[in-house]
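Asks: Residues per chain, in single letters:
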Amino acid sequence: MRKWIERHRNILDFTLSSLLRRKRKNAALVSVYTLIVFLLASVLFFASALREEASILLKEAPEMIVQKLVAGRQEPIPVAYMERIRAIRGVSSIKARLWGYYYDPVVGANYTLMVADDLDVAPGSISVGEGVSRVRLASPGETLEFRTYQGATIELEIKKTFSSESGLVSSDLVLISEDDFRKIFGTSEQYATDLAVRVRNPKELPTIALKVAEILPDTRQILREEILRTYDAIFNWRGGILLAILFGAVLAFIIFAWDKASGLSVEEKREIGILKAIGWETSDIIRMKFWEGLVVSLSSLLMGLVLAYVHVFFTSFMLFEPVLKGWAVLYPAFKITPFIDGAQVASLFFLTVVPYTVATIIPCWRAAIVDPDSVMR
Amino acid sequence: MIELRDVRKVFNSGKPNEFTAVHGISLSIEAGKATVLKGPSGSGKTTLLSLIGCMARPTTGRIMLFDREITSLPERFLTEIRRNTFGFIFQQFNLIKGITALENAMLPAYPLGERFSSIKKRGLHLFELFNIAPKAYSKAEWLSGGEAQRVTIVRALMNNPSVIIADEPTAHLDTKLSLEFMDILKKLKEDGKTLLLASHDPLVYESSVVDRVVKVRDGRIEGAGK
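Protein chains in written order, with numbering that gives the first Met the number 0: chain W, 0 to 376; chain D, 0 to 225.
Quick caveat, the hints were computed from the structure, so don't treat them as lab data.
Any given hint could be a false lead.
Said to hold, decoys possible - In silico contact screen, one side only, chain D against chain W (beta carbon under 8 Å); selected entries:
| no. | residue |
| --- | --- |
| 1 | 18 |
| 2 | 69 |
| 3 | 72 |
| 4 | 74 |
| 5 | 97 |
| 6 | 114 |
Said to hold, decoys possible - Only some residues are given here: those of chain D computed to face chain W with a beta carbon under 7 Å:
| no. | residue |
| --- | --- |
| 7 | 82 |
| 8 | 110 |
| 9 | 115 |
| 10 | 145 |
Glycine residues also receive a C-beta, built at the ideal position from the N, C-alpha and C atoms.
Same shape as in the complex, but just chain D (with noise of 0.2 Å):
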């Protein structure tokens, strides 16, 4: 489903800063099954899911989704498949301060040019789903790790993806909120989501719901399988 090929990011190229952040990386990603990209930090994990998730591009390589070469689209297109593909959980959650927890769900959509009252009659629906239906009308500051988390999952499923992107989506939970995690992750599988992780966690790349784990290391894979 996703394939990098020789994939390479340089920052700051040709600048006495420059930094290599993934060497010539070739990976395939499979549809419907959880994938975790594991490692410690400073590994280029957090680089490759932007890559893949359409959020920059590589300096050299080539990236396929859906058989199709993602790296030379234009800006306009690839944001196209990120509101419409991807759905990131990030791992400082991300939400926007100041207005409510279902605005905040319900931004994705704004875009797409569909009734406000529709794209809020699914955000509520998806709020009921995961249990944080009394929390919609709260302010974004005002939710707790576990609830922010929860939104940004809501947030992340609000254009129906089809494939759900976290970084360290644990950082920031203790383990009961980080299994409670993991379970809505199982659902999302069951789905038919495709998944791709980054976290160093072990509740997260130990769990039953991982295929595949991918070691990556200075911006290397090491291994692959589980």
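Pulled out of the complex, with its shape left as it was, chain W reads as follows (with noise of 0.2 Å):
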């Protein structure tokens, strides 16, 4: 065992020196190596956060939510409706929401503003998300003014300002009192934006959305679910949209990767000759270039994702933010919370580091099962 370690530690102290003899050659190699390892984790990590976001942001939502349709159209649905709903066997708690957006043409952004029940504003103040406090440079103490559904002007007092787990919900947020909700836009105390149903068996979930359905035909039942599958498919397809226009710089490292592992220079073969004339085995010249690939590819690997987690999670996905984020005026300047998938990260390894191993591998053989005496001529 110990004869074959140091066999081992031999052959990869000489694939080092290999290496570091082609300097320019395997720096160019692992350069764009990284760079496409790099665009590729970058985009795979930043949809597998989002989709994590998109989970956290989903955890605390309530089971159903129920609208009302009209025309095709959501309005505002009657508070009553609460009652008839209660009334289902297997509702655990019913809410009345108030959300709506807001345009603010100082900045010509879109605010969220909620009213929180259970975060007690009071009527006169907000609280404010921190991308909201940045575009309008505002702290807690000061005011910001909001036109009413009549065209009068409100003032509110900044209470404070907030962060929450995901930035994604809480950068365009204003809380705000029920009172001034309605100030602000017109409702009526017998209409809320949606309902928030909590159910007390999820697995009965479809059967009482089917049930909301039949007793008020003019709503529509939103379950978590759905929107969960519909933020998947939204970033899946952006990741694809992105992972398509990355799709030739992988096909040109492909080719040239290919190229590069699986030709042999006259200079590397004459090597190969004089190895296998001193007394190198056929298995050590492989094992010599095996070591030579995984060395190459898994540094370009890891090199790669590294910049990509600092891309994505430090940076915020700074080179490629507008595709896959969407657009907004009001961009929440959040960091998203670092997660990565295993498996994603293994698939990366098996389409990077074994193919181009492989490919590094099978010339060599092919090279050095000749017979030696070449290197005599």
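Combine both chains into one complex, guided by the hints.
Replies: The structure is reproduced here in structure tokens:
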């Protein structure tokens, strides 16, 4: 065993000095390789982190939301519907929610205004997300002006700013009291934006949704799982677009790497001949090339992954932000919660390291099985 | 020690460019002696050395090494014999560029599974012995012809082989360096090594170190003895 380890160590030692001999060539290869891994991993990390973000976000969301539809569009829902839904067996609680979008002409951005009963926002005051605070340069103690549906202006004082586990929700959020909300949007007290329903047993959710649809045919029921599925589809689709754009780059790299790895230069062939002549076995040479391929591809993979990690989680996906996140004036300057899907890293490994290493070995094996007497000539 | 029985080597067999380099040679090489294969270029000397050194297999015939038939051995065993029994000094030196002289010399020992430090120690000792210790850490491509050849000698001796095979060892050396090389060979012979050389340089085959000259022409032996 010791002999085996020493043999590998010695061959690895020679491999490393071999790599250093062709410094420029290998550095160019590692750079391109790293860049490709970086691009692919960035997209994969970002898409999976966003999906994770969405699931954090929806973890606390109600299992079902009931909205009123008129001509296919959402309308305020009568609060009276609550009693009829509460009467359905299996419903544990129901809450009327008030929320809406408010366009702020000063900065040209949309805020999400939301009434949070449980957060105790007194009339005349608001709590704002860090995005709102950033664009309006407003901190606690200052006031923000809002225009009501009748054209009047009301001033609301910022009590505090906040951020939450996920920057996606909190950035453009303005928490407001029910009174102020109704004043701004003119929503009557008999109406709410939608109804949030919680059930005792999540397995019964589809049945309860069907019952709601039966007794209130002018409503639609949105289940939490459906929202998650939609998010998934959107992020996968956007990730897919980016991957399609990158496909050309990946293809070019494959051709480049294949050419580099599978073709042996005259010099390399000569060296293999020398090594065989002085007593290296074919397997030793394959071992050497295996190490060479592994060192190049593994270090590129690791560097690419680290760069992608920094790019996605520290610089907020600076390079491809507009494609994957969507477009908005009030961009949440949020840091995504670091999350890495092990399966994706594994698939990157199998798509990059394995084929490259194999591509390095095959031509060497072909060169190494010939008689070494060529070096005698 | 080494015996060739009716050895024939054909290149590109069955093709229009078929070429017979060795025509049924039988030869016996004694242990501990210096034997020179003498002949013009293209006479088949190098092919003969390759066959004896287990670098190629004869098309027909048999080669015996220490009374063991080696022609039919699988590649792995041939490599092992090559590594442990033979040390090669090539005409073109065949050093690997970009790594140091010492690393070049250590290469044959890498697959043995010996500790790196002990290989290095042995290598440095041999560098001292052949007066090239100051060049141990020079890159192979920076060495002069004489230095490069000493490094190939050190490399050939790395695994302490019993047979040294040298193909046209003085081809790239001036007279002074050639004579120095023959001195080294003398020492090696005194150490009990079997020397087998191919050369058409009078400095080699007329040297007092050489015990036997075998004339080779057109792939055949013309006569034996000195």
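Asks: A separate judgement is required for each hint: does it hold in the structure or not?
Replies: Going down the list of hints, with the structure as the test:
no. : hint : verdict
1   : 18   : violated (13 Å)
2   : 69   : violated (14 Å)
3   : 72   : violated (13 Å)
4   : 74   : holds (7 Å)
5   : 97   : holds (3 Å)
6   : 114  : holds (6 Å)
7   : 82   : holds (3 Å)
8   : 110  : holds (5 Å)
9   : 115  : holds (6 Å)
10  : 145  : violated (20 Å)
In terms of the numbered hints stated before, the structure departs from hints 1, 2, 3 and 10, listed from lowest to highest.
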